Amino acid sequence: MTEENSIRKRNRAIVRTLLAAVSIWCAGSMAGVGAELYRTKVTVTGQGEANRIAGFATCLEDVLIKVSGAQKLAGDRRLAAYKSKAKDFVTTFSYRDQFLGKPIRDEQGTRDRPYDLTVDFEESKIDEILRKLGLKPWLSHRPVLAVFVAMEQGPRKFVVTIDGTQSDLQRDALLAAADKRGMLIVLPGAAALAKSNITGETLGKTPLSALAPVAAEQDAEAVLTGRLVWDDRQLGWATQWQIDWAGRTHRWQVSGVTFDEAFRRGIGGAAQVLSGQYQSGQTPALR
Numbered sequence: 060m061t062e063e064n065s066i067r068k069r070n071r072a073i074v075r076t077l078l079a080a081v082s083i084w085c086a087g088s089m090a091g092v093g094a095e096l097y098r099t100k101v102t103v104t105g106q107g108e109a110n111r112i113a114g115f116a117t118c119l120e121d122v123l124i125k126v127s128g129a130q131k132l133a134g135d136r137r138l139a140a141y142k143s144k145a146k147d148f149v150t151t152f153s154y155r156d157q158f159l160g161k162p163i164r165d166e167q168g169t170r171d172r173p174y175d176l177t178v179d180f181e182e183s184k185i186d187e188i189l190r191k192l193g194l195k196p197w198l199s200h201r202p203v204l205a206v207f208v209a210m211e212q213g214p215r216k217f218v219v220t221i222d223g224t225q226s227d228l229q230r231d232a233l234l235a236a237a238d239k240r241g242m243l244i245v246l247p248g249a250a251a252l253a254k255s256n257i258t259g260e261t262l263g264k265t266p267l268s269a270l271a272p273v274a275a276e277q278d279a280e281a282v283l284t285g286r287l288v289w290d291d292r293q294l295g296w297a298t299q300w301q302i303d304w305a306g307r308t309h310r311w312q313v314s315g316v317t318f319d320e321a322f323r324r325g326i327g328g329a330a331q332v333l334s335g336q337y338q339s340g341q342t343p344a345l346r
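Residue numbers 60 to 346, in the numbering used here, belong to the letters of the sequence shown in order.
Calculated from the structure, these hints are not laboratory results. These numbers were taken from a predicted model, which means no experiment stands behind them. Hints should not be assumed to be uniformly reliable.
To be verified - For each label pair, taking beta carbons as the anchor points, the in silico distance ranges come out as:
no. : residue 1 : residue 2 : range
1   : N110      : N256      : 32 to 40 Å
2   : T177      : P214      : 34 to 42 Å
3   : N256      : E95       : 15 to 23 Å
4   : Q106      : T265      : 46 to 54 Å
5   : E260      : A140      : 44 to 52 Å
6   : T308      : Q157      : 26 to 34 Å
7   : R310      : N110      : 33 to 41 Å
8   : Q106      : D290      : 21 to 29 Å
Unchecked claim - Heads up, simulated DSS-like pairs for lysine-lysine below, C-alpha to C-alpha not over 27 Å straight-line:
no. : residue 1 : residue 2
9   : K100      : K142
10  : K254      : K264
11  : K144      : K100
12  : K184      : K195
13  : K142      : K216
14  : K254      : K100
15  : K216      : K264
16  : K216      : K100
17  : K184      : K142
18  : K161      : K191
19  : K254      : K191
Where is the CB? At the ideal position from N, CA and C, for every residue including glycine.
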């Protein structure tokens, strides 16, 4: 390889890293402040009223968790009454065709066409629901969260990074989970991990204090670590999470889930710790 080609290769890598970093900042920033906390989205089939009403109900649960930071609301039976009339709390909604630009093949394809349904809720009404549930909106500063996740599936072990191609799917899922929970996250770069001798095999044994310098380089204010191991019997991921905050170590786990759900539980649990929406002796992510 000539020196010129080597320089071009390095420049392309730098551009990819910068673009990825910008995408993280944008995803987290949009979700983390002001009225954006009261907005969320879900995938629905078609634009019919029945699917829209079901989408509103799903979005209501998500936005209550997002605004409060209380992951423990996931699946809470008390939400059923509010979800049944979720449309009463909606201010605006819009659709985005996931197949935009692709031809409609037939009638069945038209009916089954997936859409992103984005929903804005009335802030005062969401705040009132939270009050009735014994919670309150988390409107104060949300710490930037450095997330270190090790994935293990058979002999394949790696850490999810901002610039590693082998973890593209996991990186996107982490960003989506952060957006859904209203958190700003940063992920480590491959070079920073190599410099600190952190790998998919060693991350679980690495103390959080050793990860702090890597997190500090990205202006992170808290560190969340996770370990996901594929379980052939459950056909899902067994996950373990840990965060240190306010002088306490919090750990929780979940098994038999997709990595998308595992990331939502991980970042949601961290949000619950950081927001103070938990009780002494509880695990951060109850469901």
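- request: Taking the numbered hints from earlier one at a time, note which ones the structure violates and give those numbers from smallest to largest.
  value: Hint check: 1, 3, 6, 8, 13, 14, 16, 18 and 19 fail, others pass.
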